[in-house]
Amino acid sequence: MPRTLLIDPVTRIEGHAKITVRLDDAGAVQDTRFHVTEFRGFEAFCRGRSVYEMPALTARTCGICPVSHVLTGAKAGDAVLGVEPPPAARALRRMMNLGQILQSHSLSFFHLSAPDLLLGFDSAPGARNVFGLIDAEPEIARRGIRMRRFGQEVIAALGGRKIHPAWAVPGGVLGNIDPEAVERLRAEHETIVHDAKWAWARYGELVDAHPAEVAAFGDFPSLFFGIVSPDGAWEHHDGLLRFIDAEGNRVGEDFPAERYAEFIGEVADADTYLKSPYHLGAQGGAPVGPQAPGTYRVGPLARVNLAERMGTPLADAALADFRGEFGRVPLGSFHYHGARLIEILACAEQLGELLNDPELGSGPLRAEAGINRLRGVGVSEAPRGTLFHDYRVDEDGRITGVRMIIATGHNNLAMNRTIGQIAEAFVKGPDVAEGALNRIEAGIRAYDPCLSCSTHAVGQMPLVLRVEAADGTLLRELAR
Amino acid sequence: MAGVNLKIDGVEIEAPVGENLMQAATRAGVRVPGLCQLDGLSVVGACRLCMVEIAGTPRPRPACATPVGESMDVHTDTPRLREHRRVLLEMLFAEGQHICAACVASGACELQNLAAELGVDHVNFTPPPTRLEMDLSHPRFGYDPSRCVLCTRCVRACAEVEGAFTWGVAGRGRETHLVADLGVPWGEAESCTSCGKCVSACPVGALFEKGTSVGERRVTRALVSTLTARRDRESHREVLK
Ligand code: SF4
Ligand code: SF4
Ligand code: FES
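Line order of the protein sequences matches chains A and B. Numbered per my numbering, the first sequence spans residues 1 to 480. Numbered per my numbering, the second sequence spans residues 481 to 721.
None of these hints come from the bench; they were simulated from the model. C-beta: ideal position from N, C-alpha, C; glycine also. The reader is advised that the hints may include incorrect statements.
To be clear about the criterion: a stretch of chain B counts as covered by chain A if any three or more of its residues have a C-beta under 8 Å from a C-beta of chain A, and this derived list gives those stretches [unchecked claim]:
| id | segment |
| --- | --- |
| 1 | 568-582 |
| 2 | 691-697 |
Rough simulated footprint, nothing fancy, chain B against chain A, three-plus residues with beta-carbon under 8 Å [stated by the list, open to error]:
| id | segment |
| --- | --- |
| 3 | 52-59 |
| 4 | 386-399 |
Could you build all of it, start to finish, from the sequences and the hints given here?
Here it is, written out as structure tokens:
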């Protein structure tokens, strides 16, 4: 009789995840499933609204990366107006995205993942959190907090101190950067680059400390997808979209955002609200599960793997180390952590370039235009991966249709596969140890998915583990 | 000029006959909240936010629509009135779809300001299930019925100041909404002169300039009042000539 383990995090507002591990009669893992809720009714909510409101409205659907929705919504709006924002506006938008990636990666790495990585997956759960980290490794905790705050300051210098800075709008941005903030950020910038360099230097040590996790945390060949700059360098906001395979070869041509539907299909699964996008060109057509040939990954590891170079000296040196150590295309999802640290370096360096640019914020900030296209697609790299907004409007600019693909969606098949791999390695029968549960959580967290649980600053997803027989009888329950 | 003496929140004040309690209170330095009243436009007493208590009268009265009287003892800020205003505000919010974070008027909205002032931070009534579509057919302006509080300031500004009579009110109860001309999209209303007086009179984010985004509404509400005040002066000059 097959048995079912249910790992069910307590629901918060953003949507929740549930992990089911199905065991066969012998207690071995038969199947794993990752279920997520998505923005329900979102399209109905936006229909009839003005395209000018979309950056702000979409930001409200997601409390975790509102900045990414604001920027992507503004880009989709640019496409509806048929304009390119003035250069100053584009530079400021890029700056906000860099700030967002920096602050989000700092949270993901230093607050959420570092306790596991530095204190160990089997360490006492009560201390395996950011407070435990502050006790054991005060320096890394302190620097992590400082980097995150710097990223937040960049966002605030542009959008003001709001939770949802609806500052990017179709055609450009609403306001210029606060010159006093530029001074402050400039003064602190060196320290941040130094912190980022220091954090990267410790990555090798973390990999060495966790060989079993490196091997089990989603180490499998897949495609990678994301934005690259037209010259092939690392990119996060403007540029073309690229797929590469597990060897690093380009799969097909690079393409602009509005052509995404030619390359990406989606399968719906009755089990979960999150659709599973897959690469259409892959042989075999639509995939039936996470082993499918069209499975791809987005996010830090994908962006770093796609890039021919990072484009700034320290990040390029880090990339060379990374590839020297783990190959041209590191495949293990554990390496999302490493990629995140490289991106933190790149963000810090690129922010420095912007902050020291005497032209920053000069010239017009907004292109005005009417409704010139009835469809607009925007794409940007959210910290956790590629984000698409696809709007259809009527001739007055009222929304008639919305489609969004979020990073967590792109990674859905890969996350499923990762959970399966971890469960196979660490779950043996219904007597699941705390450490196994924790590894499943950490395996998901490597992708930094936008689930309520991934924002738990104290470090643990609130998990309930239920071990059930096929008839639903509770065999065992593990909660924390 | 014939005058009366009255007390507003303890302040003794002399007021000309014909003035209303709202105007008298303003001169006494007492601000009475209200949404539908705008200087220069006729008084409709529609929103009921300006209710005040008058000693010796059993029920509160709308300050904007109540003339001053001799020896009145008026109270504008009692616990009962505060509660009444909070409930009214909550109902106004519940009747529409107010997402300030996405609204052009945020930061310059009379409804939002009142909510902040009266401490309304959540709504206890269930919002309506369907959203009303925006009318973006006018080349310069937009109308969002889901943010309209039906104060009719736009209707009066259009009729009384511009003389165009474009706007009217149609429907009943929850279905009440504005109509341009005989119910055509605003952009097709032949009477509309595109003067924008309605937009400037709107207390909230229901009427707005197209192409503007969150928080970009300019506060121009005094425009209609200024225009009417100037007109009065002009007509005086005519008389003097
Ligand atoms: S009209 Fe005022 S209260 Fe309503 S959403 Fe806009 S700012 Fe908020
Ligand atoms: S559109 Fe504005 S001014 Fe007109 S009735 Fe509605 S809230 Fe009042
Ligand atoms: S202001 Fe008096 S009833 Fe509206």
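- Task: Find the hints from earlier in the document that the structure breaks and name them by number, from lowest to highest.
- Result: Going through the list in order, the structure violates no hint and respects every one.
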